[in-house]
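Each chain, letter by letter, is given below.
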Amino acid sequence: MQEIINIFIKSVFIDNMIFALFIGMCSYLAVSKTVKTSIGLGVAVIFVQIITVPINYFLLEHVMKPGALSWLGDSFKEVDLTFLSFMVYIATIAAMTQLVEMIIEKFSPALYNSLGIFLPLIAVNCAILAGSLFMEQREYKNIGEVLSWGLGSGVGWMLAIVSLAAVREKLKYNKIPAPLRGIGITFIITGLMGIAFMSFLGIKV
Amino acid sequence: MSILSSKNFKLLSNPLNMENPVTVQILGICSALAVTTKLKPAIVMGLSVLVVTAFSNLVISAMRNYIPPRIRIIVQLVVVASMVILVDQLLRAFVYDVSKQLSVYVGLIITNCIIMGRLEAFAMGNKPWPSFIDGVGNGIGYSVILIVVAFIRELFGSGAVLGYQVVPQSFYDGGYVNNGMMIMPTMALVLVGVIIWIQRSFNKELIEKD
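Chains as they are written, first to last, in our numbering: chain R, 1 to 205; chain G, 206 to 415.
None of these hints come from the bench; they were simulated from the model.
Honestly, I wouldn't trust all of these hints.
[What the hints assert, rightly or not] Here are some of the chain R residues that sit facing chain G, going by a computed Cβ distance under 8 Å:
#: 1; residue: Leu21
#: 2; residue: Ile23
#: 3; residue: Gly24
#: 4; residue: Ala94
#: 5; residue: Cys126
#: 6; residue: Leu129
#: 7; residue: Gly182
#: 8; residue: Ile183
#: 9; residue: Thr190
Given the structure is predicted, the values throughout are model-derived calculations rather than measurements.
For every residue, glycine included, the Cβ atom is placed at its ideal position computed from N, Cα and C.
Isolated chain R, as found in the complex:
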């Protein structure tokens, strides 16, 4: 249990998706103009993350790893399909976002109206694919740890985008040198926020 909480804290603060790993930057920079939309996108990312990461973990453990196919019979014991992992992950993600979109549209039109436009965007958000790739690379041991990593990385991403959006809303009232206006200053602000997040490196978990 303690291990699971450690992974969560670590993925939100220390290995933050944006400030430590630079993942999901494209939509982070593009959709962070107002707090309201960034909360919508953040929730959508968490939502998709806690669905796709466990599914990809299941596929990795029971289909792709060397020896994972042994439940099919002895002749499949040697099969190693890990070279296909990119393809399997991205197919799961594309299918799941489509499925989630359809389910939400059917059962909760209100949620669909607030999240709807972001869901197709998420299929090509690197944060989601990276969630699965890091899950493979770090070799989490059980489904609890995998879920904790999926949830934590999503929450960390949302924390980053919402705080940047809040800063950018205030930034409208400031005088910024013309060539730096817009995207330039956003990069530098993210850099400064990253320095602030470096203070979490001292936490030992």
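Could you slot chain G onto chain R? The hints should help.
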């Protein structure tokens, strides 16, 4: 039609400055920042992206009339993913140490927005050869920024270029210290911000309106 007409040459040169994928279109930032602590992984990453962009542009452009519009994203993802698997296997075979350093960022080329952006904006509406050129141009535009950022970070962060020590030992004896800040992830963001600042000071028409 000549192979490099003036129109095609424009496709190659535009992404270097006025339509640079990183600093103007703001695409493909994740990998641009994460792999630039050293020059060598940055060059390998730039080349991999160039190859994937060029060839997936070519393939998608050749298939563009046969792809049903409703499922085009999935078709594009599958083509890009196969290209990335090829590149990943090649990197593992020939430059294993760099491939280890790049870790998940090779896989993340699949969702690199430069590639999806070019496929949607260019390859779906143009002939294969111009699309290929467009892919090469954008790949070069991306690599240039990567190499500049990595050069600055490696030079000031570890006093070396491509792994060779260039800051002489006498400097260190005289009290010179490597700037540890440059190795930190956050400096990459600030450096790209400064590159955008410099570029827009020279090209006034790129400045954003309020």
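Verification of the hints:
1. Leu21: holds (7 Å)
2. Ile23: Check passed: Cβ of Ile23 (chain R) comes within 5 Å of chain G, closer than 8 Å.
3. Gly24: Where the cut-off is 8 Å and the nearest Cβ of chain G is about 7 Å from Gly24 (chain R), the hint holds.
4. Ala94: holds (5 Å)
5. Cys126: holds (4 Å)
6. Leu129: holds (5 Å)
7. Gly182: holds (4 Å)
8. Ile183: This hint holds: Ile183 (chain R) lies near chain G, its Cβ roughly 6 Å from the closest one there, short of 8 Å.
9. Thr190: holds (5 Å)
Taken one by one, the earlier hints all hold for this structure without exception.
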